[in-house]
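Colleague: Spelled out from the first residue to the last, the chains are:
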Amino acid sequence: MRTTYREAVREAIREAMRADSRVFLMGEDVGRYGGAFGVSLGLLEEFGPDRIRDTPLSESAFTGAGIGAAIGGMRPIVEIMTVNFSLLALDQIMNNAATLRHMSNGQIGVPLVIRMTTGAGRQLAAQHSHSLEGWYSHIPGLRILAPATVADARGMLAPALADPDPVLIFEHGSLYNTEGELPESIPTCDISSAAIGRTGTDVTVITYGGTMPAVISAADELATLGISAEVVDLRVLRPLNDATIMQSVRKTHRAVVVDEGWRSGSLSAEVSARITEQAFFDLDAPVMRVCTEEVPIPYAKHLEEAALPRPERIVRTARELVGR
Amino acid sequence: MNESFELLRRMLLIRRFEERCAELYSSQEIRGFLHLYVGEEAVAVGVMAEFGPEDAIVSTYREHGHALARGVSPDAIMAEMFGKATGCSGGRGGSMHLFDASTRFYGGNAIVAGGLPLAVGLALADRMQGRPVVTACFFGDGAVAEGEFHESMNLAALWRLPVLFCCENNLYAMGTRIERTHAVTELAVRAAGYGMPAEVVDGMDVLAVREVTRKALKRIRSEAGPQFLELQTYRFRAHSMYDPDRYRDKAEIAEWKRRDPIDKLAATLRLPTEDISKLDTEITEVIDAAVAFARTASPENVDSLTRHVYSEVRR
Amino acid sequence: MNTEFRMPSLGADMESGVLLEWLVHPGDTVHKGDIVAVVDTAKAAVEVECFTSGVVTELLVEPGTRVPVGGPLAVISTTTGEQPHAAPTVAAPGVVTSPLVRHLADQLHVDTGTTPGTGVGGRITRADVIRQAEPVRISPRARRLAAERGVDLRTIGSTTPGRVITGDEVLAAADALGRPEHDAKGIDPQAMRNAIAQLMAKSKKEIPHYYLTEQIDMSTALAWLHEQNRALPVAQRILPAALLLRAVASACAEVPQLNGFWIDGSFVPAGGVHLGVAISLRGGGLVAPAIRDAGTLSAPELMAALRDLVSRTRAGRLRASEMSDPTITVSNLGDQGADSLLGVIYPPQVALVGFGRIAERPWASGGMLGVRPVVTASLAADHRATDGVTGALFLQAIARQLQLPEEK
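Chains as they are written, first to last, in my numbering: chain B, 1 to 324; chain Z, 1 to 315; chain C, 1 to 408.
These are calculated hints, taken from the structure and not from any lab test. Bear in mind the structure is a predicted one, so any value in this text is a computation, not a measurement. We treat Cβ as the ideally placed atom computed from N, Cα and C, and that holds for glycine. Among the clues, some could well be false.
Simulated restraints on C-beta separations [claimed, not checked]:
1. P239(B) x R160(Z): 35 to 43 Å
2. K251(B) x R131(C): 40 to 48 Å
3. P213(B) x V302(Z): 26 to 34 Å
4. A306(B) x H109(C): 48 to 56 Å
5. R160(Z) x H302(B): 47 to 55 Å
Here are the simulated lysine to aspartate or glutamate pairs, DMTMM-like style, with alpha carbons at most 25 Å apart [claimed, not checked]:
6. K202(C) x E15(C)
7. K251(B) x E15(C)
8. K251(B) x E148(C)
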C-alpha cells in the first residue's frame, strides 16, 4: 500500500485512538483546522472534540496538562506545532515529565507522547527551522524518536503510547509528503534500536529523520564512484543504540555522522564520541561530521541550502575518508 | 468541637514539625533548601479538611504543611529530609519534592508555577474518566506573575475543569514585596479575566478557610468549573534557611504574629491551657518518633542511583 | 635502466623456491626494502623484498612456478625514461628540475629519489615534496591489527592519500606473511624432507665435523630461574632454553672463531650473533630461523623472542631475513630429548651447539657426591675452520656463563 508519511502518522493516531479510549490528541489547531501540517485532518469528525482537543496557544499549559493527564491515567498525545515553540514548554518537559518518576522514587510515571515537527528546508527562516531534537536527547527520563521512514511514521506511535515513560517523537517537516510502501497489516515496531537503511562496506554514514533523503542520495552518488556506503538510521535518539552503530563501524572502519543540528555540543558530537570510546581500534580514519552551518537558518533559498547538510557535502566527506 | 480540635491538632503538628526541621537544619541533619510553613498552617489545614481521599493535591516547594495536612506520614517526610531510603521520595526528592501516590499527593514542585499545568491535566484526566473528584492546586503570590499561571487558569476555565486554585498570598515573592512585583496587587481579580469565580479569605483563620473551601468545592462539584481562592497569609520565618530576612520590617512580622492562626483557633475554642500542653506533648512524641525513625533509617543504596529514571516495568 | 628482480637465496640450503604470490602489479612503484612477493622455500612461506627502487614493468613468473635461486622473477625499471607500455597507476619517483623544489626538499629532508612526481613528465613539484614530507600516519585499527598479527608497520608503505596506513593494508601484509592457503599448498612435507636431505647430505659430504661434549651443572642456573619466575605471570615465565641460548651467545662473543661462515676456502667471521634455533614443525620437518643479535638480549627478552619465533615459524610467517641470517645454530631437544645430541652443521655455518635434556645425575664436587641437575652440551664444529682446542674453549665459556646466570 503506497502512502505518505503524513497519512502514516494520521493512521497511527487513528488506530491508537480506536484501540484505547484513554488515548486523546491535544494541541494547537489539531481539531477543526486539521493540524498545522494536516496530520489530524478528519480525526475530529471521527472522535469528537473531547478526544481531538484544540488548545489555546499555551504550549506550557497544554504540555503540562498532558503530563498531568498521563499521571491521572490517560494516554495523551500532545502535538506541539513545531520544535521551535516547544521551548515555551521546555520547563514542563524537562522539569516535570523527565523528572517526576525519579523525584518521586518511582511512585509517579508519565506515560505521555509528545509529537512535534522539526527541521528546516522550507524557507521558513530562523524561528521556524530549528532542529533541537539533540537537545532533548540530552535529558535522562525521556525517550526520543525520529522516524525517517513511512514505516516508522506508521509504526512508532503504538509502542510509544505503550511506553510507561514520556516519549517525544520528532517528525521532520520535509518528510510529510514523502511516500513509501506499507504492508496491509502493520508489523510491530520497536522503539529501541537503530536500523541499517542500506548495507555497504566502505564507510558508515549515520543519520536520522529529515537528513535521511540527503544521505540516501549521497549513498547513490558514492555508489557510482565505487564507494559502498552503509547507512545507519538512528531512529531512536535516546537511548542511543550503540551496538548497531559499532557493528557497522567495525565493518567499514570509517564513519560520517550527518545531523541537521548544529555541530557544537550536538547529537552528532555524542555519536562521534561514542564511536571513539567504543570502536577506536577499529577506525581507519577520524570520525567526520556533516552538520548545519552554525548560523540561524536564513530565509533565502540558496542561503538555506548552503547552511544545511546537502548530499554534495556528505559525498565529499565520505570520499575524503575513503581516499577515493 | 471535635472537628475544630482536630484542625488545631494538625496546625500544631505542622508548627512543631517545622520548628524541629529548623533545629535539625541548624545541626546539619537536614540539608539542601528548606522552606518552612510556620504561620501559614491555617491554609493547608483549612483547605485540606474539605478534600476527600480520591481528590488530588499539587503543591509547591513549601509543602511540608500540605503533606502533613494531607495525611502523609511524618516519619516518611522526616526520613525524606534526612535523605533516607524510607523517605516518601526515597531520598531522591528532599524537602522540596515530597510525593505520596497513595494519598494522591503529586509533589513538591520547585519551579514557581510549574505545578499549575500539572493540576489542570490531573483534573482533565479525572473528568475524561468520569471521576467526580477535584484537584487542589497550591501556589504563591509569586506564581501569579508567571506565564504558566495565566495559561493554566485560561485552560482550566476554558475546559471547565475541576480545579481549586489556592493562591497562598504571603505578600512576598521570595524577598520582593507584592507591590514591587504586581501591577495589580489584588490577586483575586486576575481570576475575573478568565471568568473564574474567586474569593478572598483570611488565611490566618482556619475556620474561615475551611468554610470558603467547602463552598468552592460545592460549586466545582456542581460543574461550575474551576474556582480561585486568595488566601491571605504570612510566613513568620524567612523564605528559607538561607535567607537573612533583611527585606521585612520587624514590626510587620510582629503584627502578623499577633494573628497567629493557632492562637486564634485556641482562643475561639476556649481550651484550657492544660489541654493545649497535653496536645503539645503528644505532638512532640510524634515528632520525636519521626526523627528517631529518620535517624535510624538506612540510606538508599548507591547501587540504585540510576533507578527510577525510566520505568522498570516495560509493557 | 632495467633491473631484474631475482629469486633470492633464503638460506644456504635453498636451491630454488616456488613463487606463491605477487604483492605488486605491473606499474606499481616499489622502493628498496618493499615486500614484493611471497616465496615458498620448502621450509616456510617467506616474504621477499626487492633491493631496488623503481617501477615494476613486467612480472616474469606466474604464481606456482618453481624458480632456481638467482632466476629472474620480474623486471623493475629504475629510470622514468623507460616506462612500461601500461601506464603506472601510481606515479613513479619523479625528477627534480627546479632548484627551488630541490632546495625545499633539502629543507624538509625529503628524499626526491622516492618522491612521486605529479608535474609534467613526472617532474616533482613543490606540492609533491610537501606531501612527501608529511609523516606516515597509522590508523588506530592498523595499529591494533599490526600488533595482533605480528606485522612490522615499518615494512608497510602507505598508498592511501594523506599517507595513512590503514587496517586493510596491514591485513594484506599479514596475509602475505602467512595466509592459511599458503600453509595448505605452500609447505609440502615431502619437499621439505627433500630439502633437509640435500642440505644434510651436503654438510656431511663437505664438512669434516669434530665433536666435543661437556657436562654442565645447572643447579645455580635453575635456582636463579626459579627466583625470576616467581614474579612473572605464567605466560611470561622463562624456560631453561633461554638461558642456554644466552650462554651460547655469550660464548660466541668470547670465542668468535665459531660464529661465522666457511666461504670459498676460508673462514669469514659474522658481523653479529644471530642464533639459528632449530624448530621442529608440527607436520614434520625442521627449520632454523634466527634470533637476531641474541647477544644483546636479556634472558626474558630472549624468551619472548623465542616464543615469537616458534609461533610464527609454526604459523608459516617468517621473514626472509630470519631464514637467511643465522651465524651459528643451536639445537635443543629439551625435555623430550635424549641425554645429548651431536648435530650436523648447517652450511656455510661452521658450528652447531647441541643440548640434551636436563636431568638429575650423581655429581662429585669438592670430594663429595651429590645429586645435581645436569645438561650435556655438545659442539659439532667444522675442522676446516677451527681445531678442538678452540671448540673446548667455547664449551667452557658456555659452562662458565651458566654458573653466572645473573650476569648479562
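Colleague: K251(B) and E15(C): Cα distance at most 25 Å?
Modeller: Given pair K251(B), E15(C) is violated - Cα atoms ~43 Å apart, limit 25 Å.
Colleague: Just tell me: holds or violated, for the beta carbon distance of R160(Z) and H302(B) against 47 to 55 Å?
Modeller: For H302(B) against R160(Z), whose Cβ atoms are near 51 Å apart, the range 47 to 55 Å holds.
Colleague: Okay, A306(B) versus H109(C) on CB: inside 48 to 56 Å?
Modeller: 42 Å, violated
Colleague: Okay, K251(B) versus R131(C) on CB: inside 40 to 48 Å?
Modeller: 30 Å, violated
Colleague: For the pair P239(B) and R160(Z), does the Cβ-Cβ distance stay inside 35 to 43 Å?
Modeller: 40 Å, holds
Colleague: Hey, K202(C) versus E15(C), does the alpha-carbon distance stay inside 25 Å?
Modeller: 12 Å, holds
Colleague: Can you confirm whether the C-alpha distance between K251(B) and E148(C) stays at or below 25 Å?
Modeller: 17 Å, holds
Colleague: Does the Cβ-Cβ separation between P213(B) and V302(Z) fall within 26 to 34 Å?
Modeller: 46 Å, violated
Against the hints set out earlier in the document, violations occur for numbers 2, 3, 4, 7.
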